[in-house]
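Same order as they appear, the protein sequences are chains D, F and H.
Each residue of the first sequence is one higher than the one before, counting from 40 in my numbering.
Each residue of the second sequence is one higher than the one before, counting from -14 in my numbering.
Each residue of the third sequence is one higher than the one before, counting from 2 in my numbering.
In case anyone wonders, no lab produced these hints; they're calculated from the structure.
All C-beta atoms in this analysis are idealised placements derived from N, C-alpha and C, irrespective of residue type, glycine included.
Incorrect hints may appear among the rest.
To be verified - Stretches of chain H that chain D covers, calculated by requiring three or more beta carbons in the stretch to come under 8 Å of a beta carbon on chain D:
| hint | region |
| --- | --- |
| 1 | 52 to 59 |
| 2 | 116 to 126 |
| 3 | 134 to 143 |
| 4 | 176 to 184 |
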Amino acid sequence: MSLKSEHTKELHDLALQNSRIRRTKSVIAYAVLGLFVFASVGPIIYIISPAFRESKSLFSYPPQWLPNSFYLGNFKFLLSETNYIRWGINTFIFATGVTVIALIIDTLAGYAFARMEFPGKKIIFGLVLATLMVPTAALLAPTYLLVRNLDDWTFGLIGLDTYGGLIIPMTVSPLGVFMMRQFIETLPKGLFEAARIDGASEWRIFTRIVLPLMKPAVVVLGIFVFMMQWANFLWPLVITTKDETRVLTVGIATLQGQFVTNWGVIAAATLMTLAPITLVFLFFQRWFVQASMAGALKQ
Amino acid sequence: MFLAVLGATALVVGACGGGGSTTPDTQAVVADTQAPVTEDTVAALPFEGVTLTFGKAPHGEDEKANWGEWLPEFEAQTGIKVELTQVPWDQLEALYTANFASDTPYDVTYQTSTHLTLFGERGTFEDLTARINGADFAGDLPNFPAGVLGASTYNNKLYGLPFVVGTTAMFANLDMLKSAGVEVPTSDVELVAAAKAIIADQKAKGNKGVLGFYTPRTVADYGWYFTLQDVHNRGGDFLSADGKTALMDSKEVKESAQFAADMICKDKVQPANGLYNREAAIELFKAGKLAFIQDEPSRVKTFEEAVLPFAWDIYMPVGHNGKATQFATTGHWAISAKSKNADAAWELVKFLSSAAFNSTYNQRYGFVPARLDADASGGNEKLARNASWVAVWDGLKTSPKVSQLLDEYAKALEAATSCKTSVDDAFASAQKGATEALAQG
Amino acid sequence: MDLVEQNLSDPDWQELTMSDEEFRRARSRYKLRALVPVVGFLGPFLFLWSVFLATPMVWSIWLSFNTGGLIDEAKFVGLENWSRMLSNDELVRSLKNTATYVVIAIFVVFSLALLIASLLNSNKRGQNFFKVALYFPLLVPPIMAGMIFFFLTHYDMGIINLVLQAMNQEKLNFLGDNPNALLTIVSLEVWRGLGFWVLFFLAGLQSIPADLIDAAKIDGAGSMRRFRKISIPTLRPLLLFAVIIALIFNFQLFDSVQVLTKGGPVLGTTSVVWFIYKRLFAFQDIGLAYATSVGLLLLVVVLTVVAYGFLGKKSENSN
Chain D
40 MSLKSEHTKE LHDLALQNSR IRRTKSVIAY AVLGLFVFAS VGPIIYIISP
90 AFRESKSLFS YPPQWLPNSF YLGNFKFLLS ETNYIRWGIN TFIFATGVTV
140 IALIIDTLAG YAFARMEFPG KKIIFGLVLA TLMVPTAALL APTYLLVRNL
190 DDWTFGLIGL DTYGGLIIPM TVSPLGVFMM RQFIETLPKG LFEAARIDGA
240 SEWRIFTRIV LPLMKPAVVV LGIFVFMMQW ANFLWPLVIT TKDETRVLTV
290 GIATLQGQFV TNWGVIAAAT LMTLAPITLV FLFFQRWFVQ ASMAGALKQ
Chain F
-14 MFLAVLGATA LVVGACGGGG STTPDTQAVV ADTQAPVTED TVAALPFEGV
36 TLTFGKAPHG EDEKANWGEW LPEFEAQTGI KVELTQVPWD QLEALYTANF
86 ASDTPYDVTY QTSTHLTLFG ERGTFEDLTA RINGADFAGD LPNFPAGVLG
136 ASTYNNKLYG LPFVVGTTAM FANLDMLKSA GVEVPTSDVE LVAAAKAIIA
186 DQKAKGNKGV LGFYTPRTVA DYGWYFTLQD VHNRGGDFLS ADGKTALMDS
236 KEVKESAQFA ADMICKDKVQ PANGLYNREA AIELFKAGKL AFIQDEPSRV
286 KTFEEAVLPF AWDIYMPVGH NGKATQFATT GHWAISAKSK NADAAWELVK
336 FLSSAAFNST YNQRYGFVPA RLDADASGGN EKLARNASWV AVWDGLKTSP
386 KVSQLLDEYA KALEAATSCK TSVDDAFASA QKGATEALAQ G
Chain H
2 MDLVEQNLSD PDWQELTMSD EEFRRARSRY KLRALVPVVG FLGPFLFLWS
52 VFLATPMVWS IWLSFNTGGL IDEAKFVGLE NWSRMLSNDE LVRSLKNTAT
102 YVVIAIFVVF SLALLIASLL NSNKRGQNFF KVALYFPLLV PPIMAGMIFF
152 FLTHYDMGII NLVLQAMNQE KLNFLGDNPN ALLTIVSLEV WRGLGFWVLF
202 FLAGLQSIPA DLIDAAKIDG AGSMRRFRKI SIPTLRPLLL FAVIIALIFN
252 FQLFDSVQVL TKGGPVLGTT SVVWFIYKRL FAFQDIGLAY ATSVGLLLLV
302 VVLTVVAYGF LGKKSENSN
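Pulled out of the complex, with its shape left as it was, chain D reads as follows (with noise of 0.2 Å):
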């Protein structure tokens, strides 16, 4: 046997074996991911059981952890009996007006707080966080009285049971200005100076060159809006009076009990809730993270 050919085999040894270890590496990484996912998904079937189930109750010894039967009663309720489908359209309205709303306003003041220079800036800015801080339950009332108030004011277009009064007054985030100034900041500065030096307008250049770039931030931030909205309960709770005028969440809560609650309609609703939902995610999620993300973030 050759020197060569000796050399050759001992690299090929030692190649199987790093392929070996990294294919060990990658085995034990998605039996970890693998773990992680369970963890997530799993206690969804604690749903799904009580929702197909004749039961009033959610809990049975013995356990059942799948459905034994296939009883659709529980969505029937619900679709029936109720306002559902009301609910879930107005929950989209509700939840799709302050996403593009808050995008709108969120991206414009986070340009100017990137990379306009105006008097005042830094103490503007740091107050506008710091309303991020005070718990949302404590300017519930007074923000209630406030609409209740606009209701003259705005011909009616803000006020109790309207799209209006449920939407405008979750549109303003401080987060979402945060989220979108750390994104601009990070985009390169020569990019602005060439096209101001080109004379054009600080419209032009958010239309042209930012907005392009910042597509990726605006779907995080979107979805972002948009979830936390899906969710939201104690505003829509206040300003909708109406079976008609409210949202999924406060319309699943006025079907509990005081003592006695029937969980396989909660649960069914719940089912429901989370179908549309997750299609929105899947539809943006090929969106969600984009490398370029990453810059929304930093500093």
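Position chains F and H against the provided structure of chain D, taking the given hints into account.
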């Protein structure tokens, strides 16, 4: 921006001012009610065209549908249109705080004893004393037990008309009692002995893990609701009769808590706090793993529907030294002080609290009617027996601080039954908190 | 030199020169004109912010010096609410619980999220599936999430106790014992929040330039070392934003306390916002509730500034 803040502040201040400026209106409305109310109701629908808003937290998922059947009758009789809003129990106080702060609150709402004066004493509800003494209510008033009306009256003001009273019942697994050869207990001491005997008997028969007794003692499961009747049975209370002095560290309160703690920590006839919440314990009973459970009488329907595989019955919660009273809260119909249709609202309240409607409602939801001429049992012998206990009803007296005092009591009870804090320490701290709460405002 | 003098004597140039007064006026006009786009960009947000966030907040500060003021008339009481707040035992407990919760939750969530994100980053296959699956719990409404956790922690049927029982170990009392109850709440919040932070850190890891990692590989740095020496420093600015946001959100702990424990057992899980919520609505102690909210605001502002100073400086150094 600062202009905007100023403008908005003006709006908010306007809101407060608006609240104040409605007071004369309200007085006018109250004055109106002093006048004799609609003698000739026959004369074609006196309230034609009036719309009332009605806020009610539900007792079941089907309540909305049921109101759809119940209200048209009233609407046809009076010409009043009722707009029902189902408000969720979850974060109910937040909703009502905002609603009552505005100048257009719900005209009629359902309020429990803990909320009735909490909101009422802040000027949100009309005092119904004049109305219930009016000629149009003369036939109804005698049907309301004095004790029930008394518990709902605060400083001679009645902010809501009692509709239902809560009670609690002890459910017993009769097969287990028979197997162990014990009688249904009639006192607290007998209960502990019976529970011990049953556990030993089941263990001997190879049935491990059978528990003796369960009733909630934690804050999360409203321990106070199930325990305070025992304080009353001992002749004490957590608050003095005039409502001015906290009695959290009184002998009776502490002895009652000590007994509850002993059942868990010493006698071991009740599982430790946190092992089973109320729902889990109900399922234990249904599965035949629990001998006695003290809970709401509304469970009678639950158990009958589930068809339990053993004989069971309901009893009065056992008393101390044979004395047994009933304790719980009252549900009321209240009229908003800012209501622009207070007279129409009173018509609705009269309808809601009528014997006929009360019976209909509670045949479905299983509460005890707050008037004696209503029969909600629907022929169910167990529910009829439960309803008869209203005779020894000694329920929660409403007062504006009662929520906070009950919170102090409940926290102390939970600590005392945790087997880690002494009863003395727990209730000394409750006494301190309650005294501070009473001194404030 | 000549050129300058020549220019200065040029009539055209002289005409363009303005007096001090003219210059000042022109300067302020220019400054005003420069503000026009600022108003255009910042205006919509700042207007809505001042109406719907700043105004209620100013009002809540005012209410912290009064009693009542929502349902009934406000009555000025000066600093009384503030002194009551400082001497409230339950608030002290709530603050302790919340602080413990914030520290544990941030530590656990961030370490798990970083671990999962780095695993996903180096194992690309099926990445989308994992991302969606891990994000899923955030879609479950809090009430139902609470119910799910009642099951998970059920004494007889909860999966953890079933495993413990199979291993002949003593079963756990999750919600009736301290510190178990607080840890259960931490796990509920970790379960709900993990997906968001995984996506967050994955985005960060994916932005690390590949050549940096390749260079480290050639130098023979192991994966742990690469993680410590390259990933962590690069992620530091991201961590700053994350810590600030996590601080703000976690200090608002409320949902899971309301659903799972109502503050118990024996005040083991009361949080500051739960404390505020009870006073504000259930007890109608408006003044104490608002004094506490403003106090919480001040505390979180201080913590944020400290976090900013601590992490912010380091990130500047590392850049």
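Evaluation of the provided hints:
no.	hint	result
1	52 to 59	holds (count 7)
2	116 to 126	holds (count 6)
3	134 to 143	holds (count 10)
4	176 to 184	violated (count 0)
Taken one by one, the earlier hints fail for this structure only at number 4.
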